[in-house]
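S.K.: Sequence:
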Amino acid sequence: MAKAQSPLPLDLPTLSRALEDDPEGRLEQLKREVLKASEAQFEVQEEGYRVALMWAWDELPKVFNKPLLAWASASQARLRRLAAGAAPLSHNEFGEKSKKLLKKLCGDKDRGVRLVSMDRLLDDLPESLELAKRWTKSDDPTVRAMVAQRVRNVPTPEIPRSLEVLALLAEDPEPEVHYAVASSYWDLYEREPREVLRAVRGMAESEVESIRWAAALNFMQHLLADRFEATRATLRSWLRDGRPELRWTLARSILFLTVNGQSLPILRMLFEDKDPSNRARVVQHLIGAFDPLAEHYPSVARILRRAVSDGDAAVRAAASAGEDKLGLDFAKLPDDGHALVINSNGTGPHH
Numbered sequence: 054m055a056k057a058q059s060p061l062p063l064d065l066p067t068l069s070r071a072l073e074d075d076p077e078g079r080l081e082q083l084k085r086e087v088l089k090a091s092e093a094q095f096e097v098q099e100e101g102y103r104v105a106l107m108w109a110w111d112e113l114p115k116v117f118n119k120p121l122l123a124w125a126s127a128s129q130a131r132l133r134r135l136a137a138g139a140a141p142l143s144h145n146e147f148g149e150k151s152k153k154l155l156k157k158l159c160g161d162k163d164r165g166v167r168l169v170s171m172d173r174l175l176d177d178l179p180e181s182l183e184l185a186k187r188w189t190k191s192d193d194p195t196v197r198a199m200v201a202q203r204v205r206n207v208p209t210p211e212i213p214r215s216l217e218v219l220a221l222l223a224e225d226p227e228p229e230v231h232y233a234v235a236s237s238y239w240d241l242y243e244r245e246p247r248e249v250l251r252a253v254r255g256m257a258e259s260e261v262e263s264i265r266w267a268a269a270l271n272f273m274q275h276l277l278a279d280r281f282e283a284t285r286a287t288l289r290s291w292l293r294d295g296r297p298e299l300r301w302t303l304a305r306s307i308l309f310l311t312v313n314g315q316s317l318p319i320l321r322m323l324f325e326d327k328d329p330s331n332r333a334r335v336v337q338h339l340i341g342a343f344d345p346l347a348e349h350y351p352s353v354a355r356i357l358r359r360a361v362s363d364g365d366a367a368v369r370a371a372a373s374a375g376e377d378k379l380g381l382d383f384a385k386l387p388d389d390g391h392a393l394v395i396n397s398n399g400t401g402p403h404h
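Note that our numbering has the sequence shown beginning at 54, numbered continuously upward.
The hints are all genuine.
Straight-line alpha carbon distances no greater than 20 Å define the calculated EDC-like cross-link-like pairs of lysine to aspartate or glutamate that follow:
| no. | residue 1 | residue 2 |
| --- | --- | --- |
| 1 | 150 | 183 |
| 2 | 119 | 74 |
| 3 | 153 | 183 |
| 4 | 157 | 180 |
Hints listed in this document are in silico derivations from the structure and should not be mistaken for laboratory results.
Let's have the full structure, built from the sequences with the hints guiding it.
M.R.: Encoded structure:
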């Protein structure tokens with residue numbers, strides 16, 4: 054008993070060992086700590102307690118199975134949450150029993166218990182993909198976002214099934230859900246590029262602006278920054294035959310795109326777009342990457358010369374801001390950027 058009355062260790066390995074050394078005493082002590090903690094304290098402590106219990110339960114399942122199953126049916130939701138989060142899913146003897154327990158707890162009256170149970174079952178991919186598919190219809194957006202976030206963690210042969218689940222959530226009205234979908238698409242892209250690109254195009258041409266933003270920020274910006282060469286032809290075809298919404302998304306995806314001879318055809322196509330907000334984005338991007346000595350400078354100069362007299366005020370304002378930033382008159386940009394360097398009197402970017 055003396056051992057049980059000493060303070061609970063704070064670091065996970067030591068706490069787990071303490072539980073294993075004195076299961077009955079330490080579990081009772083932990084139970085008291087959990088139940089007397091304030092909501093704020095429990096929120097901070099919960100994950101550490103859960104992991105320590107999971108390690109101990111997995112290490113000594115025959116010792117911890119009975120008391121923690123009792124926690125799983127306790128009247129206090131905190132104990133049920135900890136038991137659900139600690140269930141030894143991968144254990145040879147108790148794994149299947151743990152899954153049964155968690156499936157039961159997915160219907161618990163307490164939302165926190167339900168979320169922990171679902172989250173734990175999603176550790177068991179791809180076996181839990183059918184459950185994940187069912188949960189896409191949940192009324193709780195946190196559940197749907199959890200599914201969207203977690204189904205990326207599948208072996209390569211199971212990616213088609215994972216994409217089926219994500220497709221059910223791609224047009225979800227909740228931002229936390231469709232942003233998670235776009236993020237998962239990026240994680241899956243390297244292993245299944247063709248199908249993922251097809252799926253992302255659907256988000257990129259959505260009529261819902263937030264969904265298009267999700268595609269731009271969580272997928273397309275990464276693609277244009279890191280995989281532009283491999284997808285250049287596809288992107289050009291999207292610009293040629295895509296809907297206005299698709300071009301809108303592409304214009305908001307160029308933030309980290311390297312400006313060079315390969316990317317300028319894409320940028321020129323976006324600058325020719327009817328949507329002035331797309332043209333303004335291109336102008337801002339070219340100003341940020343302005344280099345009069347670059348091989349592609351003449352193409353950039355032509356776009357910036359046109360921007361100062363664009364028919365839309367927002368495009369002209371973007372050009373004017375660039376002139377102030379660079380100390381240049383875009384209308385007078387020469388075709389040869391070397392002239393800017395040679396004739397610079399201290400007001401230009403190169404001296």
